[in-house]
Amino acid sequence: MISTLPEAIENNRVNLEGDSNQILKALFATAIRFHLPVAVWRLPATSEIKLCVSLRPAQTSGDVPQLESGVSGFAFYPFQVSEKYPAQFIKADITYSSLSAKLKFNFKLSENPEYVALVQRLQEYFDKIKGSATTNNWHVSRKVKPHQTSEDSFKNLVQESVAAIEAGQIEKVVLSRVRATDLVAGFDLMDTYLRLQEVYSNAFVSLISIPETGTWMGASPEILVQVSKERIFKTVALAGTQALTADCNPAKASWQQKEIEEQSLVKRYILNCFKRIHLRDYTETGPRTVVAGNLMHLRTDFSVDMKKEEFPKLGTQLLELLHPTSAVCGMPKETATQFILEKEGYDRAYFSGFLGPVHIDGESNIYVNLRCSQILEQVALTYAGAGITAESEPEKEWLETRMKMDTIRQVFRNEAS
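All the letters of the sequence shown, read from the start, carry residue numbers 626 to 1042 under this note's numbering.
Calculated directly from the structure, the hints in this document are not laboratory data. Worth double-checking, as some hints may not be accurate.
Derived SDA-like pairs (lysine to any residue); straight-line CA-CA distance at most 20 Å [to be verified]:
hint, residue 1, residue 2
1, LYS770, LEU808
2, LYS958, ILE902
3, LYS729, LYS755
4, LYS968, HIS772
5, LYS727, ILE754
6, LYS1021, LYS727
7, LYS883, PRO1019
8, LYS733, SER694
Sequences and hints are given; from them, build the entire structure.
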């Protein structure tokens, strides 16, 4: 991997030759072997898979990451920050790109001399396994036991939510559930991730593994906040769900009042966040029907040219305001959040939180952690939610969550739920 380590670190990069998938597997397996935090991701509609490893434990903080400048890394934040589920940040000490085949060292020897011995051990292990690496080990959270939501309890909670909406207590609430899937014999985590990113080319496909926190994999369709190299800010209002079939595609999609209202509430929430910081000059496009894996949604896009506006920290400001959005929580936000915490019956942990690369190659891409699973030793816990309004029907909401779960469950097992 490296000839003379100090020289390679000072030069900031080294080329890795060989099959990119095998290199990804070996880098991931090396991080797990040395108990290091690691993140793998691929942005929508791209073919470049990136990986970052922190040479120290993930940083924990209640503050959102600074998206416009500062420390590069990968953010992994829960639905609600708590002592059990803290906000995590994987500093990008080492990064790899499958397209450039370059390993980069993003630290200085003069500031981190202790890293040399550690990277030397990483190199030796990587060289040993790079031709035959398997990824059948990962960081497992000891805080979580396999569990799942029963059909009766979910449907009863939908009915209770509709009653609360009709009584004027809330406008909308997003209910979620969890399902346990046994991992097949010989399950390889990175092979599963690679299948997932091939199946869902238009999703943000991620794999995060942090000691103590555990391992999560997902294919999210929803941008929360994006700040591009050109200083363009983007966010979306995404809500409403129906199956993508041969007879029902974006050109033929017909949306019911329930889905239209649900999407409108998410859009209104975003506009209210704009008003709170007095942002008036933005571009709005949509709503339009978009495809996300095996599903279709209604989506409205918002963008702001940060070079023309007096909002140098717009991405960070709106990340603080938007999370958790009404698309994963409800409206009013505080009331809906309290309803979820009291009624849902389990802790969402990092499901419906946010995640993504921060200030990597000059840009930040933060997504809502949807269509995701937490990987335990022999079981994957898959999460999905549905927006509940006055028109919601328990059976339809149960089926919607099942369709969403199938997005990721199909890569674990070759069957529908």
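Hint check results:
1. LYS770 <-> LEU808: Within the cut-off at roughly 15 Å; holds.
2. LYS958 <-> ILE902: This hinted pair holds, its Cα atoms lying about 18 Å apart.
3. LYS729 <-> LYS755: Distance of about 17 Å is within 20 Å: holds.
4. LYS968 <-> HIS772: Holds, at about 16 Å.
5. LYS727 <-> ILE754: With a Cα-Cα distance of about 18 Å, the restraint between LYS727 and ILE754 holds, given a limit of 20 Å.
6. LYS1021 <-> LYS727: violated (48 Å)
7. LYS883 <-> PRO1019: With a Cα-Cα distance of about 13 Å, the restraint between LYS883 and PRO1019 holds, given a limit of 20 Å.
8. LYS733 <-> SER694: holds (19 Å)
Hint 6 from the earlier list is the only one contradicted by this structure; the remaining hints agree with it.
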